[in-house]
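Protein sequences appear in the order of chains A and B.
For the first sequence, numbering that gives the first Met the number 0 begins at 0 and goes up steadily by one.
For the second sequence, numbering that gives the first Met the number 0 begins at 0 and goes up steadily by one.
No wet-lab data here; the hints were simulated from the structure.
By construction, the Cβ of each residue, glycine as well, lies at the ideal position given by its N, Cα and C atoms.
Among the clues, some could well be false.
[To be verified] Some chain A residues near chain B, calculated using beta-carbon distances under 8 Å:
(1) E37
(2) A114
(3) Y115
(4) A118
(5) A136
(6) R193
Number of protein chains: 2
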Amino acid sequence: MNALTQNDFFARLDGTARAIETLLDGLLAPEPLPGEIERPARLLEAMRYAMLGGGKRLRPHLVVETARLFGAGDEGALRAGAAVECIHGYSLVHDDLPAMDDDALRRGKPTLHKAYDDATAILAGDALQTLAFDILADEATHPDPAIRVELTLALARSSGLGGMVGGQMLDLEAEGRFTPEGKPIPGDETSTLRLQAMKTGAILASSVQMGAILGRASEAERQALAVYGRALGQAFQIADDLLDAEGEAATVGKATGKDAARGKSTLVSLLGASNAKARLSGLVDEAEGALSVFGQRGDVLRQTARFVAERRS
Amino acid sequence: MNALTQNDFFARLDGTARAIETLLDGLLAPEPLPGEIERPARLLEAMRYAMLGGGKRLRPHLVVETARLFGAGDEGALRAGAAVECIHGYSLVHDDLPAMDDDALRRGKPTLHKAYDDATAILAGDALQTLAFDILADEATHPDPAIRVELTLALARSSGLGGMVGGQMLDLEAEGRFTPEGKPIPGDETSTLRLQAMKTGAILASSVQMGAILGRASEAERQALAVYGRALGQAFQIADDLLDAEGEAATVGKATGKDAARGKSTLVSLLGASNAKARLSGLVDEAEGALSVFGQRGDVLRQTARFVAERRS
Numbered sequence: 000m001n002a003l004t005q006n007d008f009f010a011r012l013d014g015t016a017r018a019i020e021t022l023l024d025g026l027l028a029p030e031p032l033p034g035e036i037e038r039p040a041r042l043l044e045a046m047r048y049a050m051l052g053g054g055k056r057l058r059p060h061l062v063v064e065t066a067r068l069f070g071a072g073d074e075g076a077l078r079a080g081a082a083v084e085c086i087h088g089y090s091l092v093h094d095d096l097p098a099m100d101d102d103a104l105r106r107g108k109p110t111l112h113k114a115y116d117d118a119t120a121i122l123a124g125d126a127l128q129t130l131a132f133d134i135l136a137d138e139a140t141h142p143d144p145a146i147r148v149e150l151t152l153a154l155a156r157s158s159g160l161g162g163m164v165g166g167q168m169l170d171l172e173a174e175g176r177f178t179p180e181g182k183p184i185p186g187d188e189t190s191t192l193r194l195q196a197m198k199t200g201a202i203l204a205s206s207v208q209m210g211a212i213l214g215r216a217s218e219a220e221r222q223a224l225a226v227y228g229r230a231l232g233q234a235f236q237i238a239d240d241l242l243d244a245e246g247e248a249a250t251v252g253k254a255t256g257k258d259a260a261r262g263k264s265t266l267v268s269l270l271g272a273s274n275a276k277a278r279l280s281g282l283v284d285e286a287e288g289a290l291s292v293f294g295q296r297g298d299v300l301r302q303t304a305r306f307v308a309e310r311r312s
Numbered sequence: 000m001n002a003l004t005q006n007d008f009f010a011r012l013d014g015t016a017r018a019i020e021t022l023l024d025g026l027l028a029p030e031p032l033p034g035e036i037e038r039p040a041r042l043l044e045a046m047r048y049a050m051l052g053g054g055k056r057l058r059p060h061l062v063v064e065t066a067r068l069f070g071a072g073d074e075g076a077l078r079a080g081a082a083v084e085c086i087h088g089y090s091l092v093h094d095d096l097p098a099m100d101d102d103a104l105r106r107g108k109p110t111l112h113k114a115y116d117d118a119t120a121i122l123a124g125d126a127l128q129t130l131a132f133d134i135l136a137d138e139a140t141h142p143d144p145a146i147r148v149e150l151t152l153a154l155a156r157s158s159g160l161g162g163m164v165g166g167q168m169l170d171l172e173a174e175g176r177f178t179p180e181g182k183p184i185p186g187d188e189t190s191t192l193r194l195q196a197m198k199t200g201a202i203l204a205s206s207v208q209m210g211a212i213l214g215r216a217s218e219a220e221r222q223a224l225a226v227y228g229r230a231l232g233q234a235f236q237i238a239d240d241l242l243d244a245e246g247e248a249a250t251v252g253k254a255t256g257k258d259a260a261r262g263k264s265t266l267v268s269l270l271g272a273s274n275a276k277a278r279l280s281g282l283v284d285e286a287e288g289a290l291s292v293f294g295q296r297g298d299v300l301r302q303t304a305r306f307v308a309e310r311r312s
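Could you put together the complete structure from these sequences and hints?
Here you go:
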């Protein structure tokens, strides 16, 4: 295998994104599956609105490229990636609700509850979560049921009470803590890192983990990939916080400057942008280094770490 | 086995309810499971508020008693029952939200969003759904992963887009359709039955189905149980609609008279109370009859059908 060019990398990223779009389009078809009664048109439309129409599909990319490290087939990895994407998508729909972050814009278009209504957004989010576990449990994802339950458990543990949902709870609790003089009370670094590890890091890390499960990776390989996944998750979050602090809404595709307005602590607000960028760079090094066990085969995931750190939207 | 007395029946129902309470208490403990990072206190408390403190635990009872038909162990059936109960519980939390049914009272106490806030209720519901699939995928539910994925798929298909969540969407769409003169526009019987089959019938039927999966029931036995489960689900809904039309809030534990106020079609509004009661009685006969293949072993499930039809809360 020759060295990976940036063009190769973007072609792979794009290839997975297109495959995920096609797969989700098929999963969100009007025909009910065995065991379902009927798929109500409005709910299905809302779910399609939330899930289709692009996006980088970073989480599926992580599942697919990790599985490819081990020569595992793309079909199962794409389905597992679609499941993670459903979890990610439902969390965005619910987080955007007026009762939560109250956002009107997402990827440059109205959020689901703005385009439909709050009730439909709640239900579409709920049904997307269900769909994620449906996809993983289905035989089409892997012939071995032991692999399917392992995938299910990895996704559940990273996305529920002790992961993504818990992180959103901590985030809401941390927001809007102000002194009597109206100054935000900053969280400390430890609690900010933990919150972010739960809210966004956990399902990025579990995307990598799911690729390793599909690839029947050895324990040593899993541990190397766990280090990679954690570093990548932190890098992703710092890059996100930098975008919020420094980006323009038109480029980023959603409102920016929200963290400061909400008195929300990030590594950018706690350390300053310059130190946060140094931290980000260190995390990319850590992520790349963790892949040494895979030699040149790890180049796509290495490039992914750089891509995540440098992204502008 | 001697004939089942009513006391025996209530002792079994109560025994399962107590076991489920203990199991949920343990599942909603502060210690994170492997793969989880931390369980935030407020979120955990809200989930406990929604799930603990009694209730008939009808769905777990159905899983457990169906599994017992085949001599399958209680431990796995109770866990599967707890998973269904988490799905049922999350749906109540979300349905009670102001954006949906806007209910203030549930089982005689404030609904979750009243006791906490809307954001916490949305997140607690989300995490309860995740927990349901976590429970099913965990080895403790059954040593055979093929059984665990089958349970997962049964619960996902009955509770998502094509089942429970879809039914709630149809229900919201059907509500509040009034003529220009302010008279409610009734749904027809077919669409009302389909809506109810999705919203409440599907997970009652899948509770029975999950017991059959745990019991490795034959195809003929599964079909008999599917007939039972469908009839039971319809009977449950008619009994519920009769309670709403004729019951007192103090006895029922939640507001009554809501269906009429919302212009919601039920078999009671479409057929009249007397005809609905006759239909209910026919469904109980159908449910009981479907169990003939099990002989006297089916007595607990038979009694369950009568209990569901006659309940007063």
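Any hints from earlier that this structure breaks? Give me their numbers in increasing order, please. 2, 3
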